[in-house]
Amino acid sequence: MTSSASTKASDELAPHVKKVGELLHLDLIVTGARCGGCLAKIESGLGEIPSVRQARMNLSSSRLHVAWEGAASQANLVSAKLEALGFSSAPLKAGDTSEVVQRAESRGLLICMAVAAFGLMNVMILSIAVWSGAADMSAAERNLFHMVSAAIALPVVAYSGSPFFKSAWRALRAKQSNMDLPISLAILLACGLSVAETILRNEHVFFDAALMLIFLLLIGRFLDARLRAKTGRAANDLAALKQINARRIDEQGRVTDIPVVAVRAGDRLLVPAGGLIAADGRIVKGASMLDAAIVTGEPVPQNIGPGDVVFSGCLNLTQPITIEVLREADNSFLSEISSLVEAGQQSQIRYVQLADRAARAYVPIVHSLALLTFLGWLLMGGSPRTATLNAIAVLIITCPCALGLAVPAVQVVAVGKLFAAGIVVKTGHALERLAEITDVVFDKTGTLTRASKVGEFSLITSGDLALFSSLAQQSYHPATAHLREMKGQHSVDNIIESVGEGVSGHVNGVEVRLGRKAFISDAMPNACSGLWGSIAGQAPIELTAGEIIRREALSTLHKLENMGLGLSLVSGDSIERVQRVSQNLGIQNANALTRPGGKSEIIKARQNEGEKILMVGDGINDAPALAHAHASATLASATDISRATADIVLRRDSLAGLPYAIQMARAARAAVLQNFAFAAIYNLLAVPLAVAGLVTPLVAAGAMSLSSILVTLNALRLNSINPEPFK
Amino acid sequence: MSALLWLIPIALFLGTAALFTFIWALKSGQFDDPSGDGYRILECEDHPLVTFEELSSSESREHSA
Chain A
1 MTSSASTKAS DELAPHVKKV GELLHLDLIV TGARCGGCLA KIESGLGEIP
51 SVRQARMNLS SSRLHVAWEG AASQANLVSA KLEALGFSSA PLKAGDTSEV
101 VQRAESRGLL ICMAVAAFGL MNVMILSIAV WSGAADMSAA ERNLFHMVSA
151 AIALPVVAYS GSPFFKSAWR ALRAKQSNMD LPISLAILLA CGLSVAETIL
201 RNEHVFFDAA LMLIFLLLIG RFLDARLRAK TGRAANDLAA LKQINARRID
251 EQGRVTDIPV VAVRAGDRLL VPAGGLIAAD GRIVKGASML DAAIVTGEPV
301 PQNIGPGDVV FSGCLNLTQP ITIEVLREAD NSFLSEISSL VEAGQQSQIR
351 YVQLADRAAR AYVPIVHSLA LLTFLGWLLM GGSPRTATLN AIAVLIITCP
401 CALGLAVPAV QVVAVGKLFA AGIVVKTGHA LERLAEITDV VFDKTGTLTR
451 ASKVGEFSLI TSGDLALFSS LAQQSYHPAT AHLREMKGQH SVDNIIESVG
501 EGVSGHVNGV EVRLGRKAFI SDAMPNACSG LWGSIAGQAP IELTAGEIIR
551 REALSTLHKL ENMGLGLSLV SGDSIERVQR VSQNLGIQNA NALTRPGGKS
601 EIIKARQNEG EKILMVGDGI NDAPALAHAH ASATLASATD ISRATADIVL
651 RRDSLAGLPY AIQMARAARA AVLQNFAFAA IYNLLAVPLA VAGLVTPLVA
701 AGAMSLSSIL VTLNALRLNS INPEPFK
Chain S
1001 MSALLWLIPI ALFLGTAALF TFIWALKSGQ FDDPSGDGYR ILECEDHPLV
1051 TFEELSSSES REHSA
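Protein chains in written order, with my numbering: chain A, 1 to 727; chain S, 1001 to 1065.
The hints are simulated quantities; they were obtained by calculation from the structure and are not laboratory data. Hints may contain errors.
To be verified - Below, simulated DSS-like cross-link-like pairs (lysine-lysine); rule was C-alpha separation at most 30 Å, straight line:
(1) Lys81(A) to Lys230(A)
(2) Lys1027(S) to Lys175(A)
(3) Lys1027(S) to Lys612(A)
To be verified - Derived CB-CB ranges, DEER-like:
(4) Ser1035(S) to Asn494(A): 47 to 57 Å
(5) Ala1011(S) to Glu48(A): 20 to 30 Å
(6) Ser1035(S) to Ser637(A): 19 to 29 Å
(7) Gln663(A) to Ile1023(S): 53 to 63 Å
(8) Ser1035(S) to Glu48(A): 22 to 32 Å
(9) Lys19(A) to Lys1027(S): 19 to 29 Å
All C-beta atoms, glycine included, are put in the ideal place defined by N, C-alpha and C.
Here chain S stands alone, though its shape is the one from the complex (with noise of 0.2 Å):
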């Protein structure tokens, strides 16, 4: 009985948080254009942390070492 008491609210707290959560991505507009950004993610310009210049030029010290 008494774990109800935490077990309970608990429960509730969580099924909120979940229902705001869909809340707020609906209206920021997450759902608008399903087929869309399924794509996006494919035409996304890529941010590489070592960029092809850092890259090649580290090869060529790698070379002349």
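Just chain A, same shape as in the assembly (with noise of 0.2 Å):
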């Protein structure tokens, strides 16, 4: 058992192995690190295999660094190492290079940020000196004052400004207008205002402005750029998917491992016992059980044999099979449900956030008053100088400064003590569409239920327990798969296993069986079905595996209904079983039988009608219809691909944070509209002192700073939103 864990952990972590010069490099995902006896148990742990030469743990982002001499299979030495200090490890993969773009990103942001800071600070002193010091000041010294700022001001603008540049000159190459067109816009005037000026030998620059303007806004750029590399790390941390290796026996009938893009229609694959099912094929070779769950939804597992279809994503339960490869990976069911979920994020993407939409409306105003200004001042007379200076005042003092700020500065609030409550946000933008719900949709199992535990309805000792948990570690039958986790640790001997009816063996020298009820006693031949045992020939007790609602699902629904949200359920299980569920929840609207499909077609209809729906499902059959909802949540213990999917992963692996969650979103978006309230306020006030020609530097700095401080105070009032504690 532990041979075969390890060898199928180096098939998963070799391919993520680089070499650099003489050493071998590898990155890995370590969960549960959590303070520094860990940290000092990982790497000095790490350390005690004589050929690794360093171990880097890093706590802020859970990732461990290490690299060896020798070959690339030693990988499975140090996974093994993590696991049996107690941690669980996945490789970061090789080709994923986004946590890297992202730490390039944000760093960038914060040299730009500290350079701007410089600036600004310099420029500020000189600026302050001369509007205090106007009237003692000769214009020889002004201008001094005035040339220095622009000597450290043009450099620092071109550096610090280049994000907004770059994304202003990528929106006009693609003739679509943005946010960062009137940003770079308002820089760009006022540094050329304030050349000119310096050079005309004039009173007023605006070198701080500008500078203060980038500053400010480079602060709301950092913390969006520093949540989405947070929250993309805890997605991955949950992900740390399972690269799936395909095992492909050539005409020689030798094993080689082969990643599954390189599986062809007509290879045979050995699938083990435990293995996912890597592409669609036919079995020729071996009888098994088939766990199906997580594809159809079908909670009991069937029995398989040669001929039958199986489909990608099943989990082949009992003895190894050999199918025949009738799709390849990329035509098989799991690319399709992965190009559903595709074609449904396509329109997420295509969602407009606030930010965007406030700015659509707010950039031809703003551009229109300012040529109005222009225009006003020449027909009532005034120089053309004077008239450029006031439009450009115009711009400056409306530059979206609140929009670059306010939405950023709620988001960092509201996603944080969301994640502090255990509740991933993946984005700001899924926190805006969350916001706007009007009906929730569950799945059932394993999202409204779960599996539950042996003991819970029968009473049992854990004596007995033990026992039974036992004899079934040396089964690999499905339906003992919650006693296995139990780990019994008796010694087992006289093991017989008949295919089909059950397994027997003598536990600390006690007869033990585990089975179908008539292998147990012949009391009840094939009357029921569920998993039973005896202990030395007793009464035999049930252990089977069931289903119960989950202790907060009844309470979640409540509060969610009180938020004035519809409720409805749906589900590939069948009728009877969802309408037991859905009667003891109160669910009126319950769709049982729906197909992976059905389920995304269900929820587009719906919001074809003008709902807005929240899904909630773990499932592979949940991810397309997680992708196509306008928001979508997930629970930790989901597949993989739901919880690449969804917008939101409760990482407590309870329902209860998803009210806390909409309450949360909706509180974000309020302050997010209080925000653009205030600009707008703000701009009511300082756009006549502009159009006027009122405006001084003195008042654009002011204006401008008291702004941004509004802004971001009233984002941190989100701290004191708390989640209800569950009772």
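From these two lone chains plus the hints, build me the complex, please.
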């Protein structure tokens, strides 16, 4: 068992090992490391492996970097050691550079911010001197100060403003408008005007305003980038996707490991017991049991034999089988699901964020206002210089600083607060969509219900349970998986397994039997399904794993209903089981026997009627529906694809966090709209001043920092919204 | 006025030095793992100036003396 586990690990890890010079490098996601003790345990533990040269654990991002000499296959020593120390690990996928890119992005923004801060501080010192001492200052002194300011500000603007300029330029080339366009325009005009005024030896320059604009907006940009990096990392942690490899049998009967993408139709694949089926195929050899729960939602494993067709993503449970591939991985069931998911995600990308919506309405107004100011001053007999000056002042003062800072500040606070409550919201985007939902659709199996544990229904002593669990360790039958999890440690001998019937053996010298009821006692042959067991010939005890409604489901549904949300249930399971759950929970609208495609069809149809749906699901079959829904949530215990698809992951594996997430999303939306209102009021006050030509650099600087502080303080109010303790 | 001619360059020089120190610290990875580094200082092996063996041998010499 151990040997097969470690070889499996090396197959999974080998593709992610990078060779740099003499050393082999591997990056791992390590879960469970929380304190300095864990850090020391991991680093010194790995240091005990003779070939390991370097082991560095990053506690903030829960990433481990290991470097060693020798063969790539030694990666399994590392993961085995981590497992022995009590930490689970998964490779950071070699092809996935998103974390590296995000780290570089936020580091770049931080450097831009530091440079802008340096420029701002120095220019501000000079500006304050000019403002406060203007009366006593000679024109020559003032001009010297202006020239020094220009010498500092221009290179700083060119460097720190580049994120905005680049983004604005990209939008221009695509013949589109975005928020960075008016920002860039305001910065460039403020600098251009100030340079002209410096050369003409005039009184007012706006270098400090341009730098403050850049600095404040970079704060918003940096917060946003760090938020995305943090949630992206959390999503990767959860995904920790197991790379599926396929085992191909060639003509000579040799078995080689190949990546799933290399599987071709007609290949013969060996699927070990407990292995995932990598591609759709027909069984040519072997009989086993198939767990299709994650594909169809059907919880009971099926018997399969030669000639049966199996779908990718199913789990082969009891015996190794050989399959002939019918369709390559690209055309298989799993990739069909993935393409359905992608199609859904496309529609989510089309969602326009609040800030962009505001910017689209805002930009034309502001630009026409500036133009009107220019024309107005000319018509009223002002000089072209005064007209230009005032038009630029309008652009500077109306620059959407609040839009740039208002939204990220709110989202960082809201997402950070949810993160602390065990709710991962992957993007700020998702938070906005979550605030808009009108209906919630639940999956049944694994979402509203969970697998029950043995002993929850029947009375059984833990000592007896350990006996059954020890015997179950000797079998791979899916029906006993929940017993195996209890890790019985007794010694077992005289094991006899009769296929399809049960298993018996002597545990600590006592005869223990597990299996169908007919296998345990002759009293009721074939009368009952389920798993039964007996100890030393005593009366049989039922040990079946069932499905029970989650403890927190009813109260969560009540809270959601009180929030004015419509509730419904969509499941792939049988009608009577769905009915039982929906009646218990008081859900009126329940669909049973839906196929995976059917779930997303239902969601799409309802959304076309104007509903905005939050889908909550956990299986592979839920993934397309999760992607098509307006917003989606999943649980920590969900399948990888669901966790990768959903907007929100409830890390505590409990539905209780859902109402809090929606409450926070709504509060965040309200705060964003309030911030827009602040920005509007501020503009209503400031724009007339600018149009009238009364905006001096001092007024511009004061107004800009005041509005940014107001907006940030308003965002911090979200910190007072706390989750209700679960009773 | 003449004081400005050397005060402004000094101010700018100090500011630039601080800026480059920050960028150097950032690029050398000193902000990569703030929570880990806080613990690391507690877990690091000590390199005492006088080792335990030296200490005990000097003590025993004192006793014999």
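Results of checking the hints against the structure:
1. Lys81(A) to Lys230(A): Given that 30 Å is the threshold and the Cα spacing comes to 27 Å, the pair holds.
2. Lys1027(S) to Lys175(A): The given pair, whose Cα atoms are some 37 Å apart, is violated under the 30 Å limit.
3. Lys1027(S) to Lys612(A): Violated - the C-alpha atoms of Lys612(A) and Lys1027(S) are around 45 Å apart, more than 30 Å.
4. Ser1035(S) to Asn494(A): 47 to 57 Å: holds (53 Å)
5. Ala1011(S) to Glu48(A): 20 to 30 Å: violated (53 Å)
6. Ser1035(S) to Ser637(A): 19 to 29 Å: Given a distance of about 27 Å, which is inside 19 to 29 Å, the answer is holds.
7. Gln663(A) to Ile1023(S): 53 to 63 Å: Given range 53 to 63 Å: violated, Cβ gap about 41 Å.
8. Ser1035(S) to Glu48(A): 22 to 32 Å: Between Ser1035(S) and Glu48(A), where Cβ atoms are some 25 Å apart, the hint holds.
9. Lys19(A) to Lys1027(S): 19 to 29 Å: holds (25 Å)
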